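A.B. asks: All residue numbers for the sequence shown refer to the working numbering, where the first residue is 72 and numbers rise by one.
Derived from the structure by calculation, the hints contain no laboratory data. All values derive from a computational prediction rather than experimental measurement. It is possible that part of the hints are untrue.
[As the list claims (entries may be wrong)] Computed cross-link-like contacts, BS3-like style, restricted to lysine-lysine with a CA-CA straight-line distance of at most 25 Å:
1. K183 - K195
2. K195 - K103
3. K135 - K107
4. K135 - K176
[Claimed, not checked] Each pair of labels, with its calculated beta carbon distance range:
5. E203 - K107: 19 to 25 Å
6. K103 - A219: 30 to 36 Å
7. K214 - K183: 14 to 20 Å
8. P202 - D164: 28 to 34 Å
9. E178 - T111: 26 to 32 Å
10. Y218 - A174: 27 to 33 Å
11. K176 - Q136: 30 to 36 Å
12. L137 - K107: 15 to 21 Å
From the three backbone atoms N, C-alpha and C, an ideal C-beta is built for every residue, glycine too.
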Amino acid sequence: MPVGVEKSRYQNDRLLRGIQNMISVLVVDDSKFMAKVLKTVLSDIGFDVVGLGGDGEEGVQLFKQLSPDITLLDVTMPNMDGLECLKEIRAHDPAANVVMLSALKDEEIVRKCLEAGAGAFLEKPIRRHCPEDEQRLVSAVEKLLGYAV
72 MPVGVEKSRY QNDRLLRGIQ NMISVLVVDD SKFMAKVLKT VLSDIGFDVV GLGGDGEEGV
132 QLFKQLSPDI TLLDVTMPNM DGLECLKEIR AHDPAANVVM LSALKDEEIV RKCLEAGAGA
192 FLEKPIRRHC PEDEQRLVSA VEKLLGYAV
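Could you build all of it, start to finish, from the sequences and the hints given here?
C.D. replies: Right, dumping it as structure tokens:
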């Protein structure tokens with residue numbers, strides 16, 4: 072392959088990562104392990120993870136403090152579950168971009184989250200170094216933002 076083609080691909084990749092770095096993300100999950108995995112996956116892809124929360128109450132506080140471009144919320148959390156957190160975030164900012172996450176495969180939960188204003192719903196797990204999981208995450212973000220990242 073010609074040297075110029077390889078350089079062009081590299082430059083395009085760097086440009087893409089620059090755009091993603093401007094997108095701030097808040098991750099709220101009561102599993103410290105899952106929150107760390109999500110932070111790592113998002114950072115590896117090129118997003119700017121600006122905060123990690125461990126429950127819905129902390130998620131609302133961090134959202135108000137940080138005003139992230141995207142918020143990832145686990146559905147099942149202590150103190151305040153993800154659905155209630157979503158409702159409070161959307162009451163504070165009706166334009167908030169929220170992706171709900173759950174290991175539970177419950178159509179009713181998905182419906183309630185989408186009706187409450189979630190822009191996307193992803194099933195866990197989201198695994199590090201798994202291209203399919205990374206693509207699912209990027210696709211959800213693209214759907215919310217309305218453009219390719």
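A.B. asks: Could you grab the alpha-carbon distance between K183 and K195 and see if it respects the 25 Å cut-off?
C.D. replies: 18 Å, holds
A.B. asks: Between the beta carbons of K103 and A219, is the distance compatible with 30 to 36 Å?
C.D. replies: With Cβ atoms ~32 Å apart, the hint holds.
A.B. asks: With the threshold set at 25 Å, check whether the alpha-carbon distance from K135 to K107 stays at or below it.
C.D. replies: Between K135 and K107 the Cα gap is close to 21 Å, so the pair holds against 25 Å.
A.B. asks: Given a hint of 28 to 34 Å, does the C-beta separation of P202 and D164 actually sit inside it?
C.D. replies: For P202 and D164 the Cβ distance comes to about 32 Å; the hint holds.
A.B. asks: Please check whether L137 and K107 have a Cβ separation lying inside 15 to 21 Å.
C.D. replies: 18 Å, holds
A.B. asks: Just to be sure I understand the hint, the distance between the Cβ atoms of E178 and T111 should be within 26 to 32 Å; is that true here?
C.D. replies: 30 Å, holds
A.B. asks: Given the range 14 to 20 Å, decide if the beta-carbon distance of K214 to K183 lies inside it.
C.D. replies: 19 Å, holds
A.B. asks: If you draw a straight line from the CA of K135 to the CA of K176, is it 25 Å or shorter?
C.D. replies: Status violated; Cα separation ~30 Å.
A.B. asks: Range first: 27 to 33 Å. Now tell me if the beta carbons of Y218 and A174 are that far apart.
C.D. replies: Since the Cβ atoms of Y218 and A174 sit about 29 Å apart, the hinted range of 27 to 33 Å holds.
A.B. asks: Taking the Cβ atom of K176 and the Cβ atom of Q136, is their distance within the range 30 to 36 Å?
C.D. replies: 33 Å, holds
A.B. asks: Is the hinted pair K195 and K103 satisfied, with a Cα-Cα distance of at most 25 Å?
C.D. replies: 14 Å, holds
A.B. asks: In this structure, is the beta-carbon distance linking E203 and K107 contained in 19 to 25 Å?
C.D. replies: 20 Å, holds
In the structure shown, a violation is registered for the earlier hint numbered 4 alone.
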